[in-house]
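> Now for the letters of each chain:
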Amino acid sequence: MSSGTLYDKVWELHRVAELPGGSTQLFVGLHLIHEVTSPQAFTALKEKGLKVRCPERTIATVDHIVPTASQDRPFSDPLAEEMLCTLEKNCATYGITLYGIGSGKQGIVHVIAPELGLTQPGMTVACGDSHTSTHGAFGAIAFGIGTSQVRDVLASQSLAMKKLKVRRIWVGGELKPGVYAKDLILHIIQKLGVKGGVGYAYEFAGPTIEALSMEERMTLCNMAIEGGARCGYVNPDSKTFDYLKGLPNSPKDKAWERGVAWWETLCSNKTAIFDDEVNFDANEIAPTVTWGITPGQGVGINDNLPTLESLDSRERDIAKEAYRYMELQPGMPIEGLEVNVCFIGSCTNGRLSDLQAAAKIAKGKHVAKGIKAFVVPGSEQVAKAAKQEGLDILFQKAGFEWREPGCSMCLAMNPDRLEGNQISASSSNRNFKGRQGSSSGRTLLMSPAMVAAAAIEGKVTDVRKMLAQQSKDSKK
Amino acid sequence: MRKETIPFPKGEIKAVFGHCLVLRGDDIDTDRIIPARFLKCVSFDKLGSNVFADDRKEMRGKHPFDHDLNRQASILVVNENFGCGSSREHAPQALMRWGIRALIGESFAEIFYGNCLALGIPCATASKEKISKLQTHITENPRNTFELNLMSQELFNKNHKCSIEIQAGTLEMLTTGRWDATSQLIARNDCLKEIASKLPYLNNFKGHQ
Ligand code: SF4
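Protein sequence lines correspond, in order, to chains A and B.
The numbers in our numbering rise by one with no breaks, and the one at position 116 of the first sequence is 116.
The numbers in our numbering rise by one with no breaks, and the one at position 49 of the second sequence is 49.
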């Protein structure tokens, strides 16, 4: 059993009681809600005659269903409009802060909570969305929950949970130019498998992780869930504190100093015991692209797709199914595969640094003929900052559409979707069958820079070649 | 649709009676159980009729959920890693609203399992061989009804008996009626207050230098 890890410390601090059935009642420090998984929870609350216990620790936004082309109300989709109206009504009834469209603070729930300083080290964070693991980047213990649990947290500011084991994923070496946090996590999931993390919290540690920016750490933790781990986290350090300093919900003045002093005590001890440890070498990682129907089916850009014989027998059936669905052949190279749609955005890669990395590739170039490419900032704040740098103009000049913030084509709950068997190069996090809105649509997951490169070339391309060319040109 | 509806789970759950329905296949994910477009709703009420919507459409009336004999089924017999994929509670809700009150399978995805428990729906497990035998038996005798007894950990009728397993914690919660987490969680008001009063970030980090 693990001991002395950040996970153990935060768990202890929030442990309310032991419940029959072996679960623990855990206090929830921050509860984030959105329009998709909260309405039924509010209904259940009403039916039971209960109140929201801590409205001040509950924060709402709208992200999944918002259209990104025009956000004028009422939305043209009456179901989407009804969902937002319901959220607005519930938040008003129970006194919950809602960052709605045009508030300047709306956006994908996992983008806005960090940028508003709501997510802080040592907190427990829960949200009715599996990518809540994102918030672990701050040294918070953050996990996705189902709708009954949303109801429980609304009613009691706590939930019933079983303690996870802790696996330390130690990464040494350097991510080379053109290789990003997205490639790192796709690589990790490919190696450990999509079920490898079931029952675990992932602690990401080591020099490579320490060198990552906060936004990169968010990308990493965001996809811990795709590797089966309910939560992933990074120990807080000076980068965490620098990021948080001065944000609207960060502590101020003397409280800030006390806060930092406490946060520093939370890190896993040098003598901490982990249930499992795995090491990776960042030097070996190439830009990584998925070819199949699970985020674990990825390959380095210079590799060929695996032959069935080369795969573990347990992975063969799903690989066969993936090849059939994706209309791809074992052994073929991934580089050069033609794409139709290029999507930059989502809670994995819709932050400013993601747009900057993609813009660097798109600058002065143009999207290939016949390709639909679009950029969806993760939040209104990201959009504003990007516009201040002129990224909206840069992308539009290069033939990308510039959209309003939302989940967009990460999933099929708004007008952005694939049609027929189109292939997308996507900076999002899930490549499940039908995920992007067409029951035969195909998704290739990759970093935002790789998506930009694919848009320019019209096919899957090694972004490192483009970067190398750029640096040659600049030396001329 | 079903002719009559049985009430949703309530209180102590010690047994589930009814017809069994066989759905074969490993890794059946929540997107298949209820496709994402049906998540666009503010209540779970209409989910029942859309369970497995895409699979059923594809199979044009040949899907197990469309067989006449299965319409009264309340026990679903599946294979490995059932309910994987997204955390959507819409999946067990859709099954429950269709009429399913218990599942038996080789294994279940973690979040799906927890979501079912929160609704009072037991997910019991049995070995591959037992499941396979059971599925064959049910397919050959579709009119037979069964009792799933949680206390004796058995699924049986006059002609067939199959031992099943339910995790000890889950079993205790279901059979004592304490699977409804909400009432238990709100019961500990004082403990909740005490924890909150000690959390540094809720108390201006007092006492930390
Ligand atoms: S961007 Fe995608 S993964 Fe993230 S919250 Fe929205 S739908 Fe979920």
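Treat each hint with caution, since some may be false.
Chain A stretches covered by chain B per the calculated footprint, using a threshold of three residues with CB under 8 Å from any CB of chain B [said to hold, decoys possible]: (1) 20–30; (2) 246–258; (3) 452–463.
Hint data in this document are derived by calculation from the structure and do not stem from the laboratory.
Model, not experiment: these values are computed from the prediction.
We treat Cβ as the ideally placed atom computed from N, Cα and C, and that holds for glycine.
> With reference to the structure, classify each hint as holding or not holding.
These are the hints, each one checked on the structure:
Counting residues of the segment 20–30 of chain A whose C-beta sits closer than 8 Å to any C-beta of chain B gives 7, which meets the bar of three, so the coverage hint holds. Only residues whose beta carbon comes within less than 8 Å of a beta carbon in chain B count, and the segment 246–258 of chain A has 4; three or more means the coverage holds. Proximity of the segment 452–463 of chain A to chain B, defined as three or more residues with a beta carbon under 8 Å from a beta carbon of that chain, is not established by the 0 residues found.
In this structure, only the earlier hint numbered 3 is contradicted, and the remaining ones agree with it.
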